[in-house]
Amino acid sequence: MPDGSSAAPRLLAGVRVLSFCHWLQGPAACQYLADLGAEVVKIEPLEGAAERRVLGPGRGPDGASSLFVSANRNQRSVAVDLKSAAGTRVVLDLLDDYDVVIENFRPGVMERLGLSYEQLSATRPGLVYASATGYGSTGPMADLPGQDLLVQALTGLASASGASPTSAGAAVADQHGAALLAMGVLAAVIRRSTSGVGCRVEASLLNAGVDLQMEAFTFYLNRDERPWAEQLGRHARLATWYHPAPYGIYPTLDAHVAVSLVGLPQLAQVFPELADLVALDPVADRDRVAAALAAQLALRTLDELADAFARAGIWFAPVLGYDEVEQHPQIVHNGLIEEVGDGSWSGRVVKHPVRYDGELPPVRRHPPRLGEHTGEVLAELGYDGPRIQDLLDRGVVRAGSAHPSRT
Numbered sequence: 000m001p002d003g004s005s006a007a008p009r010l011l012a013g014v015r016v017l018s019f020c021h022w023l024q025g026p027a028a029c030q031y032l033a034d035l036g037a038e039v040v041k042i043e044p045l046e047g048a049a050e051r052r053v054l055g056p057g058r059g060p061d062g063a064s065s066l067f068v069s070a071n072r073n074q075r076s077v078a079v080d081l082k083s084a085a086g087t088r089v090v091l092d093l094l095d096d097y098d099v100v101i102e103n104f105r106p107g108v109m110e111r112l113g114l115s116y117e118q119l120s121a122t123r124p125g126l127v128y129a130s131a132t133g134y135g136s137t138g139p140m141a142d143l144p145g146q147d148l149l150v151q152a153l154t155g156l157a158s159a160s161g162a163s164p165t166s167a168g169a170a171v172a173d174q175h176g177a178a179l180l181a182m183g184v185l186a187a188v189i190r191r192s193t194s195g196v197g198c199r200v201e202a203s204l205l206n207a208g209v210d211l212q213m214e215a216f217t218f219y220l221n222r223d224e225r226p227w228a229e230q231l232g233r234h235a236r237l238a239t240w241y242h243p244a245p246y247g248i249y250p251t252l253d254a255h256v257a258v259s260l261v262g263l264p265q266l267a268q269v270f271p272e273l274a275d276l277v278a279l280d281p282v283a284d285r286d287r288v289a290a291a292l293a294a295q296l297a298l299r300t301l302d303e304l305a306d307a308f309a310r311a312g313i314w315f316a317p318v319l320g321y322d323e324v325e326q327h328p329q330i331v332h333n334g335l336i337e338e339v340g341d342g343s344w345s346g347r348v349v350k351h352p353v354r355y356d357g358e359l360p361p362v363r364r365h366p367p368r369l370g371e372h373t374g375e376v377l378a379e380l381g382y383d384g385p386r387i388q389d390l391l392d393r394g395v396v397r398a399g400s401a402h403p404s405r406t
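If you're matching positions, the sequence shown starts at 0 in numbering that gives the first Met the number 0 and goes up one per residue.
It is possible that part of the hints are untrue.
[Stated by the list, open to error] Derived Cβ-Cβ restraints for the label pairs, each shown as a range:
no., residue 1, residue 2, range
1, 122, 255, 55 to 61 Å
2, 218, 330, 30 to 36 Å
3, 123, 314, 50 to 56 Å
4, 316, 277, 41 to 47 Å
Bear in mind the hints are in silico, worked out from the structure with no lab data behind them. Using N, Cα and C, we set each Cβ at its ideal position, and we do this for glycine too.
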């Protein structure tokens, strides 16, 4: 189990982050940085961050949800009443030691707490202050609630998959938005290291949703004509509206298969019945090509097709469920899944996806219990025992036990 004592190199050692984040985009961005060795302290309300409780009790610490477990490893938790003057004082004291702030409240909340970029940077010129927003901090939608599914709908992502709009099946805007936010923080920290100048960083879910479709949007924006719904995957099996056929996902006799970029002569090698397709235009006649291929694929098993496609050099992949993905030899080899826990609970998580010098960053700390590190962090700040106890007694902060089953 992770215990925080790993001797593995920390690429971001010395970067110190205060996280005022909840749900997914903000916490996941902080987790990327923490995985790389940044010291991240998660500031939570006394009742805990919202993502601890969403979707019902989970298998995380103190029943925390799987959402919380997925995006809060390698971080410490400090529980503070930010609505109290004493709680704000604690955070301001922490900012003497932490020089990166990441938050994902709606615009105006941090200002009301006295913790906006303008309020903090006035006396901290080197502060890197990053905000994750739904639609941007200004503009007609700035004050509206932003959420992954809503952004998939608003950015065309839900409609780009075919004539019947559907979601991507995962929080892709949140995840990409988290990566963009972490990238922005890294760029700002690098500039500060050479200039001493801080930066205001912002990454919105809306921009992330459009950026995810950079290729598709570029095709759309540069067509002589701009078809949309009328040409959007007329054939249900085509994966996009702009790739040449047969690019898509098709049912076989016993499963589904993805067929990628492939020439029509290659298809005719495998299916003599499709020899007439060679004369067609895979863009102009994409629906006809897709329909003809779908009819042939439905007659064969996945194993039969795999052998034939491999011989013909056709790019393909079986469509797997999560149970199959978990056991896939390459996934296992890549070491992407790891067990975490503190001895009283355990769960499995998806690890950091990038290798550095051939290694994945370690899980040094399990996702924390609420307030698990409040006393530890305040002591590092110079608060003595009686002062910390006074804050606890007055309900300004909350402390949790790392191993409640052992107390």
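Are there hints from earlier that the structure breaks, and if so, what are their numbers? Violated hint: only 4; rest satisfied.
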